[in-house]
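Take the sequences, apply the hints, and build the full model.
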Amino acid sequence: EADIYQTPRYLVIGTGKKITLECSQTMGHDKMYWYQQDPGMELHLIHYSYGVNSTEKGDLSSESTVSRIRTEHFPLTLESARPSHTSQYLCASSEFTEAFFGQGTRLTVV
Amino acid sequence: AQSVAQPEDQVNVAEGNPLTVKCTYSVSGNPYLFWYVQYPNRGLQFLLKYITGDNLVKGSYGFEAEFNKSQTSFHLKKPSALVSDSALYFCAVREAGSGYSTLTFGKGTMLLVSP
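Taken in sequence, the protein lines are chains S and R.
So for the first sequence, our numbering puts the first residue at 1; every next one is plus one.
So for the second sequence, our numbering puts the first residue at 1001; every next one is plus one.
No lab work stands behind these hints, which were simulated from the structure alone.
Note that beta-carbon positions come from the ideal geometry of N, C-alpha and C, so glycine has one too.
Check the hints yourself; a few may be wrong.
[Claimed, not checked] Covered, in the sense of this in silico footprint (three residues per stretch, anywhere, with C-beta under 8 Å from a C-beta of chain S), are these stretches of chain R:
hint, region
1, 1028-1042
2, 1046-1053
3, 1102-1108
[Unchecked claim] Derived lysine to any residue pairs resembling SDA-like cross-links, with alpha carbons at most 25 Å apart:
hint, chain 1, residue 1, chain 2, residue 2
4, R, Lys1022, S, Met41
5, R, Lys1107, S, Arg68
6, R, Lys1077, R, Ala1014
7, R, Lys1107, S, Phe96
8, S, Lys57, R, Tyr1025
9, R, Lys1022, S, Asp59
10, R, Lys1107, S, Thr108
11, R, Lys1022, S, Lys57
12, R, Lys1107, R, Leu1082
13, R, Lys1022, S, Leu45
14, S, Lys57, R, Ser1098
15, R, Lys1107, R, Pro1079
Shown next as structure tokens:
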């Protein structure tokens, strides 16, 4: 079982609020990723990191930001949530081959 | 650029019958290939991977996949489906040997196994 944790699992929040989705892994992996999963269930890479102080934007443009101050921690922040941000957010980490995923955060912005 | 195609949105199979979920890929160099499964309201679970070597790879829960380089395919198979196999399946690819390559996923295929 992979040791990667996301909190909260579910979040309902009002428009305009600032939110941070937490992701932590205990495997010592350098690479970490954030994916957004739309209602059609397709996965889109929105952010990734190769290690501490490294962050890159993914294939899908996102208004969110990320930081990587510690190897094990890769939080995602939305400064001002909007209904269009409603989605499932999946965090993952990897070393050389496969990625391991957290359980996801289902975000609903009302 | 790399890409993955899963041509079927949904695959229906009766319990006890063999199942196949199709995947084709495109990548610049050699591929690393993966299958993941997702149950409702959960993250993705790793099933199996092809890195190098034997073209037939075996994974969790009795699943296997065959790497075919000439057809650029990596179809997921299971000899006898279970109702509990019903879930969303994702194929993914990354470029081999590149420490900076990211995983690209297909759109997913919903597998429905009927009793």
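Evaluated hints:
1. Under a criterion of three residues with beta carbons nearer than 8 Å to beta carbons of chain S, the stated coverage of the region 1028-1042 of chain R is upheld, 6 such residues being counted.
2. Remark: the region 1046-1053 of chain R is confirmed as covered by chain S, as 3 of its residues place a Cβ nearer than 8 Å to a Cβ of that chain, reaching the required three.
3. Residues of the region 1102-1108 of chain R lying with their CB closer than 8 Å to a CB of chain S number 6, which satisfies the three-residue condition for coverage.
4. Taken as a hint, the Lys1022 of chain R and Met41 of chain S pair is honoured in the structure, with Cα atoms around 17 Å apart against an allowance of 25 Å.
5. The hinted pair formed by Lys1107 of chain R and Arg68 of chain S fails the criterion: a straight-line CA distance of about 28 Å is larger than 25 Å.
6. Proposed proximity of Lys1077 of chain R and Ala1014 of chain R is supported: the alpha carbons are some 14 Å apart, at most 25 Å.
7. Using a Cα cut-off of 25 Å, the hinted pair Lys1107 of chain R and Phe96 of chain S holds, with the two alpha carbons roughly 23 Å apart.
8. A threshold of 25 Å between alpha carbons decides the hint, and for Lys57 of chain S with Tyr1025 of chain R the separation of about 23 Å falls inside it, so the pair holds.
9. With a CA separation close to 24 Å, the supplied pair Lys1022 of chain R and Asp59 of chain S stays within the 25 Å bound.
10. Restraint check: the Cα-Cα separation between Lys1107 of chain R and Thr108 of chain S comes to about 22 Å, which is no more than 25 Å; the hinted pair holds.
11. Between Lys1022 of chain R and Lys57 of chain S the alpha-carbon distance is near 30 Å, which puts this suggested pair outside the 25 Å criterion.
12. Annotation: proposed proximity of Lys1107 of chain R to Leu1082 of chain R holds, straight-line Cα distance about 23 Å (limit 25 Å).
13. Distance hint between Lys1022 of chain R and Leu45 of chain S is fulfilled; the C-alpha atoms sit about 22 Å from each other, no more than 25 Å.
14. At most 25 Å may separate the alpha-carbon atoms for a hinted pair to count; Lys57 of chain S and Ser1098 of chain R meet this at roughly 18 Å.
15. Taking the CA atoms of Lys1107 of chain R and Pro1079 of chain R, the gap is near 24 Å; set against the 25 Å cutoff, the hint holds.
Violation of the numbered hints given earlier is confined to hints 5, 11; the remaining hints are satisfied by the structure.
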